[in-house]
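Protein sequence lines, in the order shown, are assigned to chains W and E. Note that this note's numbering has the first sequence beginning at -4, numbered continuously upward. Note that this note's numbering has the second sequence beginning at -4, numbered continuously upward.
Honestly, I wouldn't trust all of these hints.
Note that identical chains are pooled: a pair holds if it fits in a single copy or bridges any two copies.
The list that follows gives simulated cross-link-like pairs (lysine-lysine, DSS-like), each with its CA atoms no further than 27 Å apart [what the hints assert, rightly or not]: (1) Lys59 to Lys346; (2) Lys330 to Lys151; (3) Lys198 to Lys330; (4) Lys220 to Lys346; (5) Lys330 to Lys105; (6) Lys151 to Lys59; (7) Lys273 to Lys220; (8) Lys105 to Lys295; (9) Lys346 to Lys295; (10) Lys346 to Lys83; (11) Lys295 to Lys198; (12) Lys220 to Lys59; (13) Lys82 to Lys295; (14) Lys273 to Lys2; (15) Lys83 to Lys295; (16) Lys346 to Lys82; (17) Lys(-1) to Lys295; (18) Lys82 to Lys273; (19) Lys2 to Lys220; (20) Lys330 to Lys34; (21) Lys83 to Lys330; (22) Lys(-1) to Lys59; (23) Lys346 to Lys198; (24) Lys2 to Lys151.
FYI, nobody ran anything at the bench for these hints, they're computed from the structure. Please read these numbers as outputs of a predicted model, since none were measured by experiment.
2 protein chains.
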Amino acid sequence: MNFKVNKQIFYNALSIASRAISSNSPVPILVGIRIEAEKNLLRITSSDANLSIVQTLSNEQDEKLGLSVIEEGTIVIDSRYLIDIVKKIDSDEISIEIIDGTLTHFSGEKAEFRINGYRPSDYPTIDFSEPSTRFTMSYETLNNVISGTAFAASVKETRPVLTGVNMRNDGTNLTCTATDSFRLARKQLALSSEPFSVTVPAKCLNEARAIFTGCEEIQVSLSEKKIQFRSGTIVLQSTMLEGNYPETDRLIPTAFNSTLVISRRQLISAIDRSSFIKTDNMTIIRMEINAADDILVSTKSQEIGEYNESLTAVSFEGNPIDISFSGNYLLDALKALSTDNVAIRFTENMKPFVINNEGGDDTILQLVLPVRTYN
Amino acid sequence: MNFKVNKQIFYNALSIASRAISSNSPVPILVGIRIEAEKNLLRITSSDANLSIVQTLSNEQDEKLGLSVIEEGTIVIDSRYLIDIVKKIDSDEISIEIIDGTLTHFSGEKAEFRINGYRPSDYPTIDFSEPSTRFTMSYETLNNVISGTAFAASVKETRPVLTGVNMRNDGTNLTCTATDSFRLARKQLALSSEPFSVTVPAKCLNEARAIFTGCEEIQVSLSEKKIQFRSGTIVLQSTMLEGNYPETDRLIPTAFNSTLVISRRQLISAIDRSSFIKTDNMTIIRMEINAADDILVSTKSQEIGEYNESLTAVSFEGNPIDISFSGNYLLDALKALSTDNVAIRFTENMKPFVINNEGGDDTILQLVLPVRTYN
């Protein structure tokens, strides 16, 4: 293998590649980025065994790439070294050549490196073939779906399927749901496609959101086994999470006894203000609502002390409410919404409550379960 | 205790106070900030037992302070809670009142907190009396002294005196020296004062540099026991490090056999480029110098690989040199200098070498010890 390429474009591709690399991969070679030089293109592959990225760079696609392949070949280089070398090399063009086995020579103007690589034959074969269920989505829509749901997925591995976002299509509508069983986030949108129901790791979605920033259209394709996102030179794919996703529909109340409409920013400020008052590392907020101008938000910790704030809402209708919940969960939910005011709908004090945009995008729903307190 | 004060000015003072607070203090109450309200002033004290800060705020000194003391008194509040409350309170003015024992009430417009404080009688008495050896220094000079030396102090506690910067005055000249016994940094300046030789913790100096940013003149006073910095509303003091500071003068060679004058930036880039090639967590750089246009910089690691770069210097005079040293130490030294070119003076391959500004501030000296390699 022997090629020259523009430093900056190559560096940008390596930065994207590094997003799939986990420092604690069970497969040692996966700390490396696989570089394959073909006649007119570079193929850059990275993976943590579940999440994988392949990028195909060519002069046709970007004339500034300045790719010149003198000899075809493949090498795997530790991503940390590779990125550091390419970032800091002393010229605009970098030359990379295998000189002996896996020993690879990197050179700029006067600086040169000889780095021990990994044998490409040891790199796992990753199948990047495109699954058959396909649709396209604007980056803006994809970003809305992910930012509105992925944060609510579980970070604990006890029920792996809850670490993902369930994406279900009935043929005309896509419903994306994430829950850690204490709160739930759901986003719906019109989407014609074959019906499917899959659970995509939240990590994959968050990476997709970061990697495709600046792209217009993303092509999404999926099967029972994997999901793939494609745009420009980049293919990002992930294995699906296995296991049945819980039936979340029945968790979401449909009839309510009380509705509060309140400034989203005012409520965020109040909860944020009290977030240092923790019991067992959690801020439990109590909301006592009697009328639009009779709302008390409070929290208390034996050790630290207590906080009280009276809020005035835009409106309140229905039965009085006295409910306690995790401040962080409501904070996450409010931040995932977008309108000036939000509507919070309650059934009973010990039942889940639902938060929606008020007078804006109504395809997104946030749900929080109350907690029992013994104050 | 009961007073009202401008939120922003109080918050700024608390931010400064928090710089003296250590999260792992052996004295539990030192996680707190001591607030003392007197008739016309607020006194804010913080300490980690060695480093202490007192700030005295009054309407005379800053009319925007808006201090109104309804009742005098003293309380100690955990700095984390105090800073969070003051930062996020919902008004421009904050009221603070002791309501029961150490239970303290904080209120803004609608938000209020009741926080458990510490008994002020449990707070250690800190003597802020001013030592008798005194001089003033511009912030710029103080900053130059500290940024040129403190980084070279030891971070290991095995020889505590090496974690400080030795400040020695012979009556007319101040010499500041820091060394971790592998490298040394020295800055000298004219300063009339009684003679002294003290060792100030590097931590104290780094905090002084941060805290007094924006001040013009700093008053420094010191004794065998402590050093104090005063400017505006702030007094920062630290206990001195005990123990005899090593005789560093004899470590610094005065006669040289070879002198290299080279671009500071070029050398920084070359060393930085190779810094990922580590053996035992250290990058050992080898410099082979035969002539101004025959300089080879290299580093090698059995595991990772190797790096080579040929450099061209402005000039080289004297015997050829083949020397190895810690890349990080030379990098730190070069960053502490300020001119475009630096002069590096060598005696022998296994002897310390000295780096100075070339054609600029010549009161600063950096010294690095070579390491023996077995390549």
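Check your understanding: Honestly, which of those hints from before does the structure not fit?
Key -> 1, 4, 6, 7, 10, 11, 12, 16, 19, 20, 23 and 24
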